[in-house]
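Since the structure of chain A is already known, use the hints to place chain B on it.
Those protein sequences? They're chains A and B, same order as listed. First residue of the first sequence? That's 149 in the numbering used here, and the numbers climb one at a time after it. First residue of the second sequence? That's 25 in the numbering used here, and the numbers climb one at a time after it.
Don't take every hint at face value.
Selected chain B positions facing chain A (Cβ under 7 Å, derived; list incomplete) [stated by the list, open to error]: (1) Ile178; (2) Thr198; (3) Leu217; (4) Val218; (5) Pro291; (6) Thr292.
Think of the hints as simulated: they come from the structure by calculation, not from any bench. Where a beta carbon is used, it is the ideal one built from N, C-alpha and C, also for glycine.
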Amino acid sequence: MNNDGFIDLKGRKVLIHDMSLRDGMHAKREQISTAQMIAVASALDDAGVPLMQVAHGGGLGGNSLQHGFAMHSNEEYWDAVMPHIKRAKVSVLLIPGMGTMKELQSAYDHGVRSVSVATHCTEADTTPQHIAYARKLGMDTVGFLMMAHLNTPEGLSQQGKLMESYGAECVYVTDSAGYMLPEDVKRRVRALREVLKPETQIGFHGHHNLGMGIANSIAAIEEGASRIDASVAGLGAGAGNTPLEVFVAVCERMGIDTGCDLFKLMDMAEDIIVPMMDQMVRVDRASLTLGFAGVYSTFLLHAKRLGAKYGLPARDILVELGRKKMIGGQEDMIEDTALTMAKVRGLIKDKAA
Amino acid sequence: MKKIRCALIGSGNIGTDLIYKIQRSPLLEPVWMVGIDANSEGLAKAREMGLKTTHEGVDGLLPHVLADNIQIAFDATSAYVHKSNSDKLTALGVMMIDLTPAAIGPLCVPPVNLAEHATQGAMNVNMISCAGQATIPMVRAVSRVQGVKYAEIIASVASKSIGPGTRANLDEFTYTTSNAIEVVGGARKGKALVVVNPAEPPMLMRNTIYCLTDDAPDEAGIIESVQQMITEVQKYVPGYRLVNGPVFDGNKIAIFMEVKGLGDYLPTYAGNLDIMTAAATRTAEMFAEGILAGRIKLKEAA
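Chain A on its own, in the form it takes in the complex (with noise of 0.2 Å):
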């Protein structure tokens, strides 16, 4: 650091893990074709982004009626890509208590290589498993702390450890809520750094929500995480991840190496993610609660569904989740939610009672 506070990552090289496939499907209520899926990893590839995750936005196991059915099970948008990909690797996500380790084989059988086995940031003793089995079949592992506001740095530092001691590569700060501001983030990954081995790799996963993706990322580089997950145009849950293209000019302009041709992703995002969204990913009233109140990105789209069907702000609903400390996982609850507030401001009758 210089002494005016200036930390030069001029050089610093950073992994690009792009989410627009797996994230993005929440934005797009799992709805992407196998030729959108192509059109998208073949962009990604040719412009050189190193690692992409596809899958269902739940990850392994996520085909259900509690998160959505996508248009085609996982193992069919993996065929559909894996030929269009000529020098990048595939990824996916496991959330233990969802996806399993007979999914994860299935994953590597379809030539996945790469996978983020992802829990709430206290529950790291629910992933040995998954761990050890991704590093059995030989595949890069990560862990995926999620909602990483909930925990203090010591804590998540802690979850850390024992995720590296499963057998974890690198270990991920994943902001699902877009809460923190680069001060958390910067802390934590600090913490973490302190603990884990030095070849243990630190990843940052942001979410829009605030407009801090960005700064986010470079907070955490600078405290030494060298992945970064993004999408391109952001298209993710909530506001979005971290924008890929606009994380990679950023990079440029500091001398970050990403290794990413920043044209093409420019070209891509206007050409081919803008026109699949449904709406518009950005941050809006409902995105900006769950930044601001610390919710569960992926809850936006069911709460402004349910909030519609019940009469209610989707708004409200989000800030009543967050009160009850809903965490990843708990979709069911949005809509149990909203029935018990509808029942309390005589909306609907009690049926029940």
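Coordinates of chain B only, in the frame set by chain A:
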């Protein structure tokens, strides 16, 4: 009144909570608790509550089985050691109530199929999982009215209510529960999801049950069936409660439940613990009645 003497294997949350449930039973008496760690809190609790204990696993119990006339054993260890525990004990004529996801014996959800098992006299019955006990009665409540092509359940449990064994083996929990939704619940395809929530104060166990019916749902029939089934479960888990629903949306039915525990070993938020131990106790009582009445003859010691 004569009671059937029982052993509890596994000194974690489930095994320890079972002591309370069994001590309260008019038909069962907890005599032994088996652990593998001499310093475990569960074994200390068991001694305090008057049980004999061993920290040498099932092998530490075997020499006492016949002398102490142990006729029913509850296994709350893990899927990986259950078969070996079961083989050793059933060879001595002990009936096994399996609370692990091993599921080597028939699957039992008391209000759905206990009566059937009790007449068949299996030496090993499996209790599936807490999520299974909390949700399969609801799947069955719908499937006994009309065909269910798919049922999906989401169980949310408080972080403090699940022990290290369950945490380290979530896949077994998922597989066993999904299978039981089909085999016992009566859905043609089943899926189970589990979420561990660390909120403080801890949240009560919540369960959501979704069913897709083959034809347009018979709303009145389903509502009545659900309410009857809830009354059945409440006989052994008083805190089993409908919070919202059933919500009918085309052929999709959503039922939102809550389970509040009795607060025996863990506080009331751990409804998941209670529904498992209460179901196991009820199952054992049904077998005990049969044994005491001479209707069920346990296999002679080999």
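Okay, the hints, checked on the actual structure:
no., hint, result
1, Ile178, "holds, 5 Å"
2, Thr198, "holds, 6 Å"
3, Leu217, "holds, 5 Å"
4, Val218, "holds, 4 Å"
5, Pro291, "violated, 17 Å"
6, Thr292, "violated, 17 Å"
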